[in-house]
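Kindly generate the complete structure, drawing on both the sequences and the hints.
Just so you know, the protein sequences line up as chains G and A, in that order. Position 12, counted from 1, in the first sequence is what our numbering calls 12; the numbers after and before it change by one each time, with no gaps. With positions in the second sequence counted from 1, the corresponding number in our numbering is that position plus 124.
The hints are simulated quantities; they were obtained by calculation from the structure and are not laboratory data. Hints are supplied without guarantee of correctness; some may be wrong.
[To be verified] In silico SDA-like cross-links for lysine to any residue, where the CA-CA straight-line distance does not exceed 25 Å:
#  : chain 1 : residue 1 : chain 2 : residue 2
1  : G       : K31       : A       : A151
2  : G       : K31       : A       : V215
3  : G       : K3        : G       : I62
4  : G       : K23       : A       : D183
5  : A       : K344      : G       : G51
6  : A       : K344      : A       : N207
7  : G       : K64       : G       : H45
8  : G       : K31       : A       : G343
9  : G       : K23       : A       : H166
10 : G       : K31       : A       : G345
11 : G       : K31       : A       : P180
12 : G       : K31       : A       : L181
13 : G       : K31       : A       : N182
14 : G       : K31       : A       : A216
15 : A       : K344      : G       : S74
16 : A       : K313      : G       : R83
17 : G       : K31       : A       : V342
18 : G       : K31       : A       : Q323
19 : A       : K344      : G       : K3
20 : G       : K23       : A       : V215
21 : G       : K31       : A       : D149
22 : A       : K344      : G       : C54
23 : A       : K263      : A       : D149
24 : G       : K31       : A       : K263
25 : A       : K344      : G       : D82
26 : A       : K344      : G       : G71
27 : A       : K263      : G       : R83
[To be verified] Residues of chain G clear of chain A, computed beta-carbon distances all greater than 12 Å:
#  : residue
28 : A49
29 : C50
30 : C56
31 : I62
32 : G71
33 : E72
34 : P89
35 : D100
36 : D103
37 : V107
[As the list claims (entries may be wrong)] Label pairs and their computed distance ranges (CB to CB):
#  : chain 1 : residue 1 : chain 2 : residue 2 : range
38 : A       : Q222      : G       : D12       : 34 to 40 Å
39 : A       : T328      : G       : D12       : 20 to 26 Å
40 : G       : G43       : A       : R199      : 23 to 29 Å
None of the values given here were measured: they were computed from a predicted structure. For glycine and all other residues, C-beta sits at the position ideal for the given N, C-alpha and C.
Given next are the chains, with one letter for each unit.
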Amino acid sequence: MAKLRIQFENGDPEKVIEFDPAKAPFHHDGKPGSILDVMLGHGVHLEHACGGNCACTTCHVIVKQGFNKLGESSEQEEDLLDRAPGLTPTSRLGCQAVIDDPDAEIVVVIPRFTINQVSEAAEE
Amino acid sequence: MTAEPPAAAPARRTTLIARVESIFDHAADTRSLFLSLTGGKHQRFVPGQFISITIPLNDETRSRPYSIASDPEDRGPFEICFNRVAGGRGVAWLFERQVGDLVDFSGPFGAFTIDRPPAAELCFIAEGTAIAPIRPMLKRALASSPSPKAELIYAAPDREHILYAAEFDALARTAPSLSYETVIAPAEKIYDRLFELAQARWVTADADRTRHFYICGVGKGVIRLRDLLRGAGYERRSVHYEQW
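Structure representation (structure tokens):
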């Protein structure tokens, strides 16, 4: 069984998901077996404003452990990550980072902020 | 947590509610909804951004993105534009909305934007409803001072699906820095035509690699255009794109 440990910068309690990657997809958004797919399919919310289609950065996660266990990122993902606030060398988009190793132990941090340039003051 | 998936994740928190103020059909399969925030306040956004609409489907909800097609400087309702797609349940739900209906959404989101245009020639490429984010981006660029040289290449399978045609024709007449061209081609040939055009105009015609590109469309054709331009020597960060 693969294990995905999720920590939240906003202080929400940590979640741990154990799952069989061979059973992906678990939900209907993001690449099958992606961090987003695993989280949504196990009742853990992760923003994905574009529907998990690699068109925004709201599912940005920071991988603390197991970065090399994830599927490789595409140029499109890298282009989007360029625009993600709080980018780190181990940043990934949750909708694109696929966990297919059944022995993987992945730890991710969900940043407090996503790119949402205006919504903090959406109305005037 | 268990290995077996429990019920699907709860819907993302909805932060805003909009009322459908009016509806405009561009074609039988292409529609715009004009939305206003309940409470009468103005929705702020950056040209190119999208909102994420909560779509109720049976016993669950999904969030689906829709680019804002209107100009943020307009003080009235903001506009989203969409077309029917085979199996597209979200868009089918949107087609059922009537004037006065309420729509939950969050955002705006997105990094495919122009806030302040770069000091460079700007080349916009869009097809069909993917003109939605390009339209306010182009207007923002043309409204800047000095107005940059800009080119809009807009493709569709027929004239009926060239949206905002009169508006773009008028812009091309009144904005001397804008060049506007339509490409009419069968749907399966659109990106071949755009690829040929881009290659002839921006790759082989000259050695200028200072242009900035803004490409929006559906499918892998967008990536082909990206790769063509980057492969020809344009800076990675000068080739902006949004693939639907």
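* To do: Given the hint that K344(A) pairs with D82(G), test it: the Cα-Cα distance must not exceed 25 Å.
  => 21 Å, holds
* Asked: Taking 25 Å as the top limit, are the C-alpha atoms of K3(G) and I62(G) close enough?
  -> 16 Å, holds
* Asked: Holds or violated: are the alpha carbons of K31(G) and V215(A) at most 25 Å from each other?
  -> OK: K31(G) and V215(A) at ~21 Å, within 25 Å.
* Assess, step by step, whether the Cα of K23(G) is no farther than 25 Å from the Cα of D183(A), and give holds or violated. => 23 Å, holds
* Asked: Going straight from one Cα to the other, do K31(G) and A151(A) come out at no more than 25 Å?
  -> Not OK: K31(G) and A151(A) at ~33 Å, beyond 25 Å, violated.
* **25 Å Cα cutoff - pair K313(A), R83(G)** => The hint is violated at about 32 Å.
* Is K23(G) within 25 Å of V215(A), Cα to Cα? -> 29 Å, violated
* Outcome for the supplied range 20 to 26 Å, where the beta carbon pair is T328(A) and D12(G) -> 54 Å, violated
* To do: Take the C-alpha atoms of K344(A) and G71(G), compute the straight-line distance between them, and say whether it is at most 25 Å.
  => The hint holds at about 20 Å.
* Assertion that D100(G) lies farther than 12 Å from chain A (Cβ) -> 16 Å, holds
* Asked: K23(G) and H166(A): Cα distance at most 25 Å?
  -> 45 Å, violated
* Asked: Under the criterion that the straight-line Cα-Cα distance not exceed 25 Å, is the pair K31(G), V342(A) satisfied?
  -> Given that 25 Å is the threshold and the Cα spacing comes to 18 Å, the pair holds.
Checked against the numbered hints given earlier, the structure breaks hints 1, 9, 16, 18, 19, 20, 21, 24, 28, 29, 30, 39, 40 and satisfies all the rest.
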